[in-house]
Structure formats: structure tokens, C-alpha cells
Amino acid sequence: MKFFLRASFLLLVTIALLPAVFGSVDDAQSFALQAAEPYVKQGFQVREDYWGGDLGSGEKKAVRQQLFKGNEYWFWLGTEVDRAKISVHVYDSDGKLAEEPDSWEKGHFAAAHVIPKATGSYFIIVSVEQSPEERTHWALVYGFR
Amino acid sequence: MMLFIRDLKLSIGVLCGLALCADGAQAPQRININQLSTTVEDVVVPLPNEIFGALNKLGAVNWRAHVRTDKGPNFTERPRIALLLGTVIADGFIAVQAEDAETVKEIGQRVLSLAKGVGVGNSITPHAKAIIEAADKRNWNNVRRELDRTQNSVQQAMNEVHDEKLSQLVSLGGWLRGTEVLTSVVNDHFSSDGAELLHQPDLLSYFQKRLQAMPEFDLPIIHQILDALVEVKPLIDVGDRRIPPETVKKINEITTRLGQGIVTKD
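Quick note, the sequences are listed as chains Y and L, same order.
According to the working numbering, the first sequence is numbered sequentially starting from 1.
According to the working numbering, the second sequence is numbered sequentially starting from 1001.
It is possible that some hints are incorrect.
As a list, the in silico EDC-like pairs of lysine to aspartate or glutamate whose alpha-carbon atoms are at most 16 Å apart [what the hints assert, rightly or not]:
#  : chain 1 : residue 1 : chain 2 : residue 2
1  : Y       : K69       : Y       : E100
2  : Y       : K61       : L       : D1042
3  : Y       : K69       : L       : D1240
4  : Y       : K117      : L       : D1240
5  : Y       : K117      : Y       : D92
6  : L       : K1071     : L       : E1102
7  : Y       : K117      : L       : D1193
8  : L       : K1165     : L       : E1077
9  : L       : K1071     : L       : E1106
10 : L       : K1057     : Y       : E72
11 : Y       : K69       : L       : D1193
A short list of chain L residues far from chain Y (calculated; beta carbon distances all over 10 Å) [claimed, not checked]:
#  : residue
12 : R1138
13 : H1189
14 : V1230
15 : P1234
16 : D1266
Pulled a few chain Y residues facing chain L out of the computed Cβ check, cut under 10 Å [as the list claims (entries may be wrong)]:
#  : residue
17 : E48
18 : F68
19 : S103
By construction, these hints were calculated from the structure, which means they are not laboratory data.
This one's a predicted model, so the numbers in the text were calculated from it and none came from an experiment.
Every residue, glycine too, gets a C-beta built ideally from N, C-alpha and C.
Here chain L stands alone, though its shape is the one from the complex:
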């Protein structure tokens, strides 16, 4: 009887294993990454709230201290508007983290006016409305989703009229603002896990390549960002080594300076 039960258990185990194999993923445990080089697609730039979400899990963050309400100037140069637009969308994610409904609503309006400034206002109007409605209801998940949709719609509309470079500047503006806040939070309460979130060398290379392909945008802020990326790259491309507190401080100084440059007229 015991033997029968043992055999039965074994059979059930084998059957379960086979069932798992049938629907499960059969993949090699290791591949040669170098052989993929010709087929690798461009990196997708993470949203600021992907980083903020990971930061939140490391401990309580005083998001209100990072909320920015200053509307900033009105630029006429389209690359400057695009950079600012990315920054303002990132500010929206920060305001959501802080659950600051009034700032979120102001940001919804600001995003709309900036999008109009680069000729893609029509694609943003429904999202701006949805952001304001969701903020009124304190439905933060919907605000996050609409901010993502806003950025996506702006970039799609830009790509449709072959303004891909402006679209990349929107991503860059958001990434810079996200990195500024990340380094500020980690600088205030240092942890190795927090500093590790800066380990983004491929993203930096991606932005460097994109900026180098924009010689027509001959603006001081673009040159400053390009120089800063060259400075930051070796600080975060550390392989398995840990990123020390002084590096976090240094990157925070650089990104804060760039952030000021993005929201200030020359």
C-alpha cells in the first residue's frame, strides 16, 4: 500500500512536471549576449515613476520636498520646449507621489500649453482633461496612467511629423529630472541599494548618441547636457562595484545644475 502511494505520488509529480513543461517557458539558462549585437532594439527610456517606485520600497520618501510648482518661462525654441515638457511630465509623477492634487492639476495645464508650443496640443487635450479629473478624485493610479499616455501621445505625434529628435528630448528631460530627484533622495539618506538605482550606463550611452546626432540644435543647454553625460558616464558605469555617496552627491550637483538650465532662459 505504501509502495502504491509512493508510486502514485511519483506519477503525480511527473505529470505535474510535464504539464508545467508543456505550458512553461523552455529557455537556455545562458546565452552569448555578444551574438545579439546586430539585432538589439533601442533601449526604452524608463518612466520617472519606475525609479520612484523602486526608491519608495527602500524607505519613506518626503516627496513633498521635491514638488516643484514654478511654472517656468515660455520658450520659443522647440528643442527647449521639448526638454521642458519632459521635465514637467516628470514633475507630474513627483506630484503624484506626494499626492498633491493642486500641483498635478497645474501640471496638466502646463503640459497642454507646452505641447501646443511644439504643435502637438491636439493629441494632448483629452489626456490633460483626464489628468485634472483624476487628480480631483485623488485617483493616483489613473493620474500615473494618464501622465504615461500624455508622454506617449506627445512622442507619437512628434514622430508622425518626423520630429523624432524632439521626441527624444522629451525623454531626456524626464530622465534628467528623475535622476535629479533620485540623487537628491539618496544623497539625503544614503543607501547602497538607492545608489545602485543610478546604474544605467546603457541609457546614458543612448542619450549621448542621440544628442550627438542633433547638430542642428546648436543651443547652450544641449551642449551642457552632452558635456554632463560625458562627466557622469564613468561615475555610474562601475560594473559590479558599489556607487559611493560622493558619486551620488556629484551627480546630484550636475543634474541640479542642468535642471536649472532647462527651466531658465539663457
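This is chain Y alone, in the form it adopts within the complex:
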């Protein structure tokens, strides 16, 4: 009986830990797409292509992206890790912050809104600011209209 209880307990702990162990960039992408959902109704076309990976707390990654003046862009960052704090910010090729003030971050999501003042290369900086995990998956999708 004791053995059965112990085995059951171990099984429950294993099941509880499964999402953390097997969380993936695909899960992070699901969160990023979830953040994008309300914007699709506003006419944004979300690209199928996306960037993803994992970062430790305090680490950043930069993504270079060609943006066109006349279009409006949203970048959505997602993670599957609970209690992680993530951020996404967009800079122009001179290193000047290029996002609109309605950019936001909350829970599993962060988003940056850009209306480019010039056509050219921009840098999207993704960051895991805090996380209970050693490595935190992230995925970044973008949409335009």
C-alpha cells in the first residue's frame, strides 16, 4: 500500500512537471499568436514566419527586420513560462526607440507597435527580464496592415 501511494505521488509530481520539462518554442509561439488574435480583427495580417529560441534571465536577443514606411506593424512576443517577465522593443537603425506609446507587456505576452517613419532596417530586441526557469522559451510573430 505504501509503495502504491509513493508511486502515485511520484506519478502526480511527474505529470505536474511535464509542461515545464517539455515546454517548447512551439508553445511560446501559441502564446505569441494568442496575443496577436485581437489585432487580426483590426485588419492586421499575421506572418506565418516567426523567430524563436530560449534565453536566460536578463538575456536579450536582437532580430533585424525590414520595415516599410506606409505600413503599420505589431510585434508580439510570447512565452509558455508562468511568472516570466518578457519584453519586446523596436529601434531604428540609429538605435533610437521607434515604437508607439501603446506598446505593452503583461504575463505571458509583450507587444510593440511600430509605424515606421522611414523604410529600412529596424532592430527588434526581445528580452527575458525575469523567469523562474533557467532557460525561457520565447517566440516572436509580427503582423502588418
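Dock chain L against chain Y, hints included.
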């Protein structure tokens, strides 16, 4: 009483400000881009319709004049099929802009047959069907989404079998066709804002690097594209200066010549 109202307004203002800070993005106003060099990911190649969307906002475009219905030849060399596939997907976006349902449906079939030619037909079949169904219903947003999915699925399937170079040629084919149409539109009705859409030096560098890493694809068209990119780079890498009409014309001549090369047998 007035003082109380003023204090109340001030308090509400401070509270709103704090609330915004709590959920808002706190980011430095300026960063040193040079310090990012080691962590920068590859550029994502924009879809042709990202450029077409920006063009549309500058004024009405006669998209029908740019619709191409010629099916083109059947190639046996996989790099040539990949380049053509990217071009045909871009033609799909042009046909959507022109709201030409028949051409969109033909392109759906053509994409499927080209994808089969490079061994990734299975991943495309559902998208080709969805393109045709959406074109029948004149649901242009769905056609655009399916064209994007098609390109993404083709490239993912290629990457899975370690054909990343073919995947890059698909992107290149689409970019060249998009640039050909962009320069044609701007050449017909020049505007500085239209010409500015050509300001894509990092994308050009990206394609140059990728092509230089494909010595095994020893085909005349690949060499022609590589030479053309060398020619075009200084024309568009102009910093804050404006791109003049003669540059737009020159790039249009180059990309039109390459476009012909992609759809014509040697």
C-alpha cells in the same frame, strides 16, 4: 473647492501615469546598435504583399497590368524550380491585389506542381486547395493568408530535409519579382515615398551572402542574380539621401531582365 478639484485631477493623472507604467513598456530611448552585432538574428524576408500594401497607400495602382498568366517552362534543376516557385507565389500576391480569381486559381495549381518538382508537394496540397476555394469565394484575405502559409510550408519542408539553400532561393525569387513590380509601378508614377520602399540594403546583403554560399548551384541564372545584386546594392544603400527616378528605372531594367531569366529556359 477649486483647489480640491485641481488636486483630484492631479491625483487621477498620477494614478493613470503609474498604471500606464505598470503595464507599459519601459525601454531606453536609445541603444548602441553596434553592441548587438553578436546576437542579431537573420533578417526575415518580407512578403511581396508587405511592399504592395505600402505601395497601395501611395495611390491607386493598376495591378491588372502586372498580372502574369504565362505558366513558364518545366525545369529539372531544383534551384531553378525553387526560384520559379518563389516568383509564382509573388505572382499570386499580385493577382490577389488585382482581384483576379481565375489567375489566382491557376497559380494555386502551378505552385502545387512546382512544389512536387522539388519533392515537397505533400505539404502544399491543402494550401493549394484552400487558395482555389478562397479565390472562388473572392475572399482575398484568406487567399493572402494561404499564399503566406504555402511559402512557409514549402520552406519548412525544405528545411526539414536540409534543403535550406533551396528554401532561400524561394525567398529570393519572390523578392526579385516583388522588386520588379515595385520598380515598375514607381517608374510609371514616380514619387520619393515610392522610391524609398527600395531602401533595403540589409536584405540585399543577406541574399548576397546566401548566394555566395551556394557554389554547388553553378547555374548561369544564379551568377546573373549575384552580379545584379552587386550592381544594385550601391544604388539603394543611400543612407538618408533620396532614391532618384533614374535609379528606380535602372533597378527595374535589372530585375525585369532577371525575371525573364528565371521564367525562361537557358
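Hint-by-hint comparison with the structure:
1. Y/K69 - Y/E100: 14 Å, holds
2. Y/K61 - L/D1042: Since the Cα atoms of Y/K61 and L/D1042 sit roughly 11 Å apart, the hinted pair holds (cutoff 16 Å).
3. Y/K69 - L/D1240: Roughly 14 Å between the alpha carbons, so the hint for Y/K69 and L/D1240 holds.
4. Y/K117 - L/D1240: 12 Å, holds
5. Y/K117 - Y/D92: Status holds; Cα separation ~9 Å.
6. L/K1071 - L/E1102: 13 Å, holds
7. Y/K117 - L/D1193: Holds. Y/K117 to L/D1193 sits at ~11 Å (cutoff 16 Å).
8. L/K1165 - L/E1077: Status holds; Cα separation ~13 Å.
9. L/K1071 - L/E1106: 9 Å, holds
10. L/K1057 - Y/E72: 11 Å, holds
11. Y/K69 - L/D1193: Holds, at about 8 Å.
12. R1138: Fine: 17 Å to the nearest Cβ keeps L/R1138 off the interface.
13. H1189: Given that every Cβ of chain Y is farther than 10 Å from that of L/H1189, nearest at about 15 Å, it holds.
14. V1230: Check passes; 19 Å lies beyond 10 Å.
15. P1234: 16 Å, holds
16. D1266: For L/D1266, whose nearest Cβ neighbour in chain Y is about 31 Å away, the distance exceeds 10 Å, so it holds.
17. E48: Cβ of Y/E48 sits 4 Å from chain L, so the hint holds.
18. F68: 4 Å, holds
19. S103: Nearest chain L Cβ about 4 Å off; hint holds.
In summary, this structure violates none of the numbered hints.
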